[in-house]
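K.L.:
Listed below, chain by chain, are the residues.
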Amino acid sequence: MADTKKLLRRGIPMYIMILPGLLYFLLFRYLPMGAIVIAFQNYDPFNGFMHSEWVGLDHFARLFGEADFWRLLKNTLILSAMNLFLFFPAPIVLALMLNEARVRAFRKTVQTITYMPHFLSWVVVVGISVLLFATQEGAVNKLFVSLGWDRIELLTNPDYFRPLYTFMNIWKESGWSAIIFLATLASVDPTLYEAAVMDGASRWKQMLHVSLPALKHVILIMFILRLGQTMDTGFEQVLLMQNTLNIDVSDVFDTYVYRVGILSAEYSYTTAVGLFKSVVGLLLIIGANSFAKRKGEEGVY
Amino acid sequence: MKTTGTDRIFTGTVYTILIVCSLVVLLPFLYVVLVSFATKHEVLSRGFFLFPKEWTLNSYQFLFREHNFLKAFQNSLWITFVGTVINMILTSLMAYALAKRWLVGRKTINLLVLITMLFNGGIISTYLVVNGLHLLDTYWSIWLTGAIAPFHLIVMRSFFQSFPIELEESSRMDGCGELRLFWNIVVPLSMPAIATFTLFYMVQNWNTFFNALIYINDSDKWPLQVYLRQMLIEAADSSMSLDIEGFEYGPPVKMATVIVTAVPLLIVYPFLQKYFNKGMLLGSVKG
Amino acid sequence: MKKLFMALLAVALFLVGVIGCGDKANEGEKQANGVIQQPGSADKGMSEKLDITMMVSTAAGGGWSDDHPMVKLLNEKFNINLKFQWVPGDSYKEKLNVLAASNNFPDVFQIWDASMYSKWMNKGVFLDLEPLLKDYPNIMNNVPNEAMKMMNPKGKVYGLPMYAPAFRSNLAIRQDWLDKLSLQMPTTVDQFYDTAKAFVEQDPDGNGKKDTIGFSMSVGTTSIGGIDYLKGAFGLANNWKLEDGKLVPQQVQATEWKALAEFLHKAYVEGVLDKDFPVNKDRDPWNKLEANTLGMAEVNPNEVYTQSLPTLQKLAPTADIVQLDPPKGSTGLQFANTVTSTAKIVLNSKLEEKKQQRVLQVLDYIFSDEGFILTKNGIEGVHYQKDGDKYVKLDKFDTDRPQILSTWFIRRFDPGIQIRLWDSKEYADKVMAWFNNTEKYRWTDPAAGLVSETASKLGAQIDQKLVTAIVNVIVGREPIESIDQAIQAWRTGGGDKIIEETNAIYAELN
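Chains as they are written, first to last, in the UniProt record's numbering: chain A, 1 to 301; chain B, 1 to 287; chain C, 1 to 510.
There's no promise every hint is true.
[To be verified] With a straight-line cut-off of 25 Å between C-alpha atoms, the simulated DMTMM-like cross-links for lysine to aspartate or glutamate are:
#  : chain 1 : residue 1 : chain 2 : residue 2
1  : C       : Lys-457   : A       : Asp-150
2  : C       : Lys-497   : A       : Asp-68
3  : C       : Lys-457   : A       : Asp-58
4  : B       : Lys-53    : C       : Asp-211
5  : C       : Lys-465   : A       : Glu-266
6  : C       : Lys-314   : B       : Asp-137
7  : B       : Lys-71    : C       : Asp-66
8  : C       : Lys-77    : C       : Glu-380
9  : B       : Lys-221   : C       : Glu-439
10 : C       : Lys-72    : C       : Glu-352
11 : C       : Lys-93    : A       : Asp-150
12 : C       : Lys-275   : A       : Asp-44
13 : C       : Lys-440   : C       : Asp-211
14 : B       : Lys-274   : A       : Glu-173
15 : C       : Lys-246   : C       : Glu-500
16 : C       : Lys-350   : B       : Asp-137
17 : B       : Lys-53    : C       : Asp-90
18 : C       : Lys-393   : C       : Glu-303
19 : A       : Lys-5     : B       : Glu-168
20 : A       : Lys-216   : B       : Glu-66
21 : C       : Lys-350   : A       : Asp-44
22 : C       : Lys-258   : C       : Asp-194
23 : B       : Lys-71    : C       : Glu-243
24 : C       : Lys-197   : A       : Asp-150
25 : C       : Lys-440   : C       : Glu-243
26 : C       : Lys-246   : C       : Asp-445
27 : C       : Lys-465   : A       : Glu-194
It is worth saying that the hints were derived from the structure and are not from the lab.
Chain A with its partners taken away, still in its complex shape (with noise of 0.2 Å):
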């Protein structure tokens, strides 16, 4: 007792430098939270979120009914998969390969070259692979119908649409989400590297042994919570790069959501499959925690 006490006395500062964004968040992030009840009712935005029409659960009962749900489930899942697995790991890779180029005007050079394209808003990333890729006008089937050869249908064959998805993804994001993991290599303590090199250890094991290790605390909060958007492919991309003929493998909740809800302006069901997704992100991040945490490391909470 007496040391709760004493450990609060001493917390004093702390609460008080939490204070400001703790009401950030009360009245910013949950207070708007409450409207999540739409999800169980039939939301008129002239009714508000107090007087319209209660349903209980009819949204996620037709959520779950929908013929389409394991379609859209499994391809998001994919999706995400990849994300997580070919993705993820990217920008670790690109973070470790500039740490290891000491030559400090190349290394700044790649780095703001590949910090570049996500500035590039999707639409225009699409709109460039459209130019590259396109079965008639494309640039690179151009170029294979004058060599003789078969036409690509690069974009509209569905079999190409989950690595063409993941490959712009890496080229569009990986410089960008390395910086992250460079700021954490800069923070390194340099003797921890001379000691390495006292031991005999190559470039490769001095990675291998003091960068990566350095790494390992940022990587794992970076996966939880990344973990945490399962169910979030990115919209826009997908939207993008989708069309009627890969559709089977493209067709992700929030592109159905954008077609049943945003179009139609269904708040209520859209509402509801968000409440659906976050509570799958959820319960992958608490499983994810725990699990970190009995390995013994420090979790996101």
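Please build the complex by placing chains B and C on the supplied structure of chain A, with the hints as guidance.
P.N.:
Relative to chain A, chains B and C alone:
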């Protein structure tokens, strides 16, 4: 430092991969840059190309033509500056405090923060709060609704957690108050993290679009993103598109807006980039 | 103490911020509510200066600033303080929905979405104009009764129709390509096909490469676009058709769809149809026509001479684009892309009477001869001037864009909406000739603007599935019979309910 054979191979591989990656990234980006100087008909008729046959400043003239551009640019600078200051103060204070493992109630607050990353009430209810606080048509609607990104808070917290405790303890022994400690010791030594999140928040504020559109009715107060978006939006119905002599909308304008948006952020980058370089932390402590 | 100080400072800054901006907002309100009396123009009952807000959806180029000469002119003329809210078109609907939640609408705004219009009119959001309009002769005389009544319950007018030219998309063909290959203008669907094929195989651009396309189309979320002339020729309805007094949707016309899909499949396989059609956006076929790669496409006549031809002639100096009448189907059907505008301009029902009147005075003025010329061409002496019996455009027209109120907001029912005073008669005649010619092939949608509850809830989803099935047949991934199954699925997935509900609404309104 002696260089061994394996090291040379290793370094060689790293450089080669980085060069290849840079080229793969650079070429499409270069396309965007060069197309912004091309004419519409060339873009539409030539497919993918790097060097325009006919160079023009049409796209930039089109964007800069209206005096609203300058206004929007200034608005964006202001929104980004104040917004980032607010973001950084609130986030770093909260992240630092939450990094203290002994803090009572820490876990609850962490969980509260985490939940907001997953669940949100949507734009309508947030709009009602903003409206209720009379923040509509002021920049506070943008600054306050986006004051802290929970993701950044959580990651920043983990940065502070790996902060060497001995250093902190020794300063505390010297009778350093918590806030002095934070400001004089922790912040300077956490510059890589501070720089990183300053950059992240800056980009977020600079790219503010949707919130500004919803909360700000007065088009004189619009940030650059809303201005640019409305410059290049294509009419859904061709009878509503305007033909203005001497100006063409088309893809080059779209690319020009990308450049106009990205250039300020590319200029800022090197200033923050230097903090990502290694050896900052302990070097400065020892010195 | 010092340690606390910094933290308190941070909190204080935060709070001062909140309170500070509260003040600002109040100031704004005070200004907004402040009534500034201004004498003059009392003759029209305009002695009191009123604030009027108008929300307009914008496209490329964006809106006016508050000190725009057009705004100033209207402000003075009507003793108002006009405040435009320009909202980029692709976010307009979202903005409206947010405003609905706080019931915080501007005084005048647009509703583009037919289902939103019919839902919201029953919520009392829009002012019923029926009892008021009789005092505004310019509106009454210049808006066709049919358009005024459309989508409204009997005896009510909840919004003024926003005009769109019915034939903004007209089929066009490369005359120089026809000449080069010594071909006749195609008149039937079969000839259309042969011509398209010749355009692909006989190198009409003469560069020695087989790099031209016969015809193209685009695929949206819920429909196949750019080939309305073919849909019509194959007997499909323009969304809905009347059969024995009952509305029948295009979606269930299995025989017609199969015939069309077969035609398109053949074209796709033989390379006559653009292979990129599944990734094409609306304007892409037209873009390809302008890029000298496509022989036939739907174009907007207003832009043919100002944009398409100049662009094209940079690539092929002898290029010529002319109108192509919709090809005749095997049963003699011949239809052109026909659009019925379902957009409405509405007044906020919460407007006080004096404001209602003032707003309607402004709108009535826009429909008057003087206002019509003004909104279309700008201010004389500023945006154009009279030079003898001719008009000359001034540079200010291009920088000020005084015509956006007419292009994006409200205008008379006039197909020549994009023709300006200074355009030559020859040019105007050329453009109007396209519209007049197409009039013969008008393809009416008897149910335009009627959106049933189920259609707005499930329509996009089931339409999308049907389109997917048809496209799969066109590219040869599925057999032709799969269209039957897809139509069956459309019906059971909500289509039958849509048919029933839409017929009920139709019966109620007519």
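K.L.:
Does each hint hold? Answer for all of them.
P.N.:
To see whether the hints hold, each was checked on the structure:
no.	hint	result
1	Lys-457(C) - Asp-150(A)	violated, 43 Å
2	Lys-497(C) - Asp-68(A)	holds, 20 Å
3	Lys-457(C) - Asp-58(A)	holds, 14 Å
4	Lys-53(B) - Asp-211(C)	holds, 21 Å
5	Lys-465(C) - Glu-266(A)	holds, 19 Å
6	Lys-314(C) - Asp-137(B)	violated, 47 Å
7	Lys-71(B) - Asp-66(C)	holds, 13 Å
8	Lys-77(C) - Glu-380(C)	holds, 15 Å
9	Lys-221(B) - Glu-439(C)	violated, 46 Å
10	Lys-72(C) - Glu-352(C)	holds, 23 Å
11	Lys-93(C) - Asp-150(A)	violated, 44 Å
12	Lys-275(C) - Asp-44(A)	violated, 44 Å
13	Lys-440(C) - Asp-211(C)	violated, 35 Å
14	Lys-274(B) - Glu-173(A)	holds, 21 Å
15	Lys-246(C) - Glu-500(C)	holds, 10 Å
16	Lys-350(C) - Asp-137(B)	holds, 21 Å
17	Lys-53(B) - Asp-90(C)	violated, 33 Å
18	Lys-393(C) - Glu-303(C)	holds, 18 Å
19	Lys-5(A) - Glu-168(B)	holds, 22 Å
20	Lys-216(A) - Glu-66(B)	violated, 51 Å
21	Lys-350(C) - Asp-44(A)	holds, 19 Å
22	Lys-258(C) - Asp-194(C)	holds, 20 Å
23	Lys-71(B) - Glu-243(C)	violated, 58 Å
24	Lys-197(C) - Asp-150(A)	holds, 20 Å
25	Lys-440(C) - Glu-243(C)	holds, 21 Å
26	Lys-246(C) - Asp-445(C)	holds, 13 Å
27	Lys-465(C) - Glu-194(A)	violated, 63 Å
In summary, the structure is inconsistent with hints 1, 6, 9, 11, 12, 13, 17, 20, 23 and 27 from the numbered list given earlier, while agreeing with the others.
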